[in-house]
Every structure is written in structure tokens, then in C-alpha cells.
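Chemist: Sequence:
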Amino acid sequence: IINGTLSSVGDCCAQTMFVSLSCLPAQTLRFLIFGSGIGPLAGMWNRYLEHNFPIREVVVRDAVALDYVKIDSTPKMTQTEIPITDVKHRRTASGRLIEPLVLVEPAAVPLPNISPYLLAKRLAMDQIFMAPISFIVFLLAMGIMEGLWPKQIWDKITLNLIPILLTNWKIWPLIQVVTFLYIPLKFRVPTAGIFGVMWTIYLSWQTANSAAKASAA
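Numbering-wise (my numbering), the sequence shown opens with residue 114 and increments by one.
Listed next, with one range per pair, are the computed distances between beta-carbon atoms:
| no. | residue 1 | residue 2 | range |
| --- | --- | --- | --- |
| 1 | 166 | 279 | 23 to 33 Å |
| 2 | 225 | 267 | 45 to 55 Å |
| 3 | 156 | 284 | 17 to 27 Å |
| 4 | 284 | 160 | 16 to 26 Å |
Each computed EDC-like pair below joins lysine to aspartate or glutamate, with the alpha-carbon atoms no more than 16 Å apart:
| no. | residue 1 | residue 2 |
| --- | --- | --- |
| 5 | 234 | 163 |
| 6 | 283 | 239 |
| 7 | 299 | 163 |
| 8 | 234 | 170 |
Bear in mind the hints are in silico, worked out from the structure with no lab data behind them.
Ideal placement from N, C-alpha and C gives every residue a C-beta, glycine not left out.
Given only the sequences and the hints, what does the whole structure look like? Please build it.
Modeler: This is the structure in C-alpha cells:
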């Protein structure tokens, strides 16, 4: 719903900014419906990329020979020396002083480095494979909601797909790199939706122009 609201906001902005476009509430409703429907799918796609195209290098730790592993050995707790004034000592029933023990937590394991190659691989998967599919789905859905005939929808796709893709590749790769590097997975779809307001303005303008050309023809 958030994604659909942002899409409809972008469409309203486009209709307000371009004087040549008249106000079309039906078009805004179409963007709202499409944005609301595509939001969950975008979330699924981001999860797929996160799990199947990691951007951090895989760290292989040194193996330990089983001959040197004692299965029945009891792990020793780490002791740290603390001045006697800093701790409260306990005594046994016989009065013997119990030596204080302080458990030391293991050091945090640093995250592996980000691999430029793996980042480029995920970006290529998103922009070369998914971007054309998403724009075809967008144009197809808009054509269906506009009540166009199959031939008109096909003409709409062939007329708009390449210009939209070329414009997309000038803008979205950089946005996606920033998103992959710095935005947590659960916030990526809303973040893309915020950036997408300006993108929706372009799509709305492109869609209205193609509809005007189709009606003129």
C-alpha cells in the first residue's frame, strides 16, 4: 500500500507539473493499483537477491584435524586478573577463599569484505534480467487497465520499452548500489518507493505521451 501511495503521488505530480497533461484521476488510480500490487513482488525479489547473490566474500576458516580434538574434554573458562579491591570474594564453609572467575566473551567476528565483483553480479541480475521484465509487466498492466486491445498493448510495449530501459539504466544502477550497500533488507522497498516518486513522474509522462500518440493515430 505504501508503494502504491507513492506511485499515485508521483503520477499526481506528473499531471500537475506538465501543463500539456490534463488531470486524469483514472490514470492515478491505475498507478495506485499497480504500485500496491508490485510492492510485495519487489520485496520477494529483494529477498531472492539477498539470499542467492550475496555481496560479501565467503570466508573459509582453517580446518582443525580431528586427531587433535578431544571429544570428552571439558572446556576451560577464561580467567582474568582483577585487583582484590575490585571484586567481592566468597568463602567456602571451611573459610577457604574462592578465587574469583570472570568469563570473557569471545571477540566479535568482523564481517567479510564486500566484493565489487559480487556487487556487480547482483546489480547485473537486477538491471539486466529483472528491469526489462518489470517494465513489460508495467506496460502490460497499464494497457489492460486502460482497456486497450492486444495489438494496442503490443504497440505500447514496443514504443515505450527501449526508451524507458535506457532512461532506467542512467538512474537506477547508482540508486541500487547505494541501496544494496547501506539499506537493510526490510527497508529497501520503501526506500526504492521514495526514489521512485521521481521515476513515476517520468513513467506517467511517458505513458500519457504514448496514449496521446495512440489516440492521434
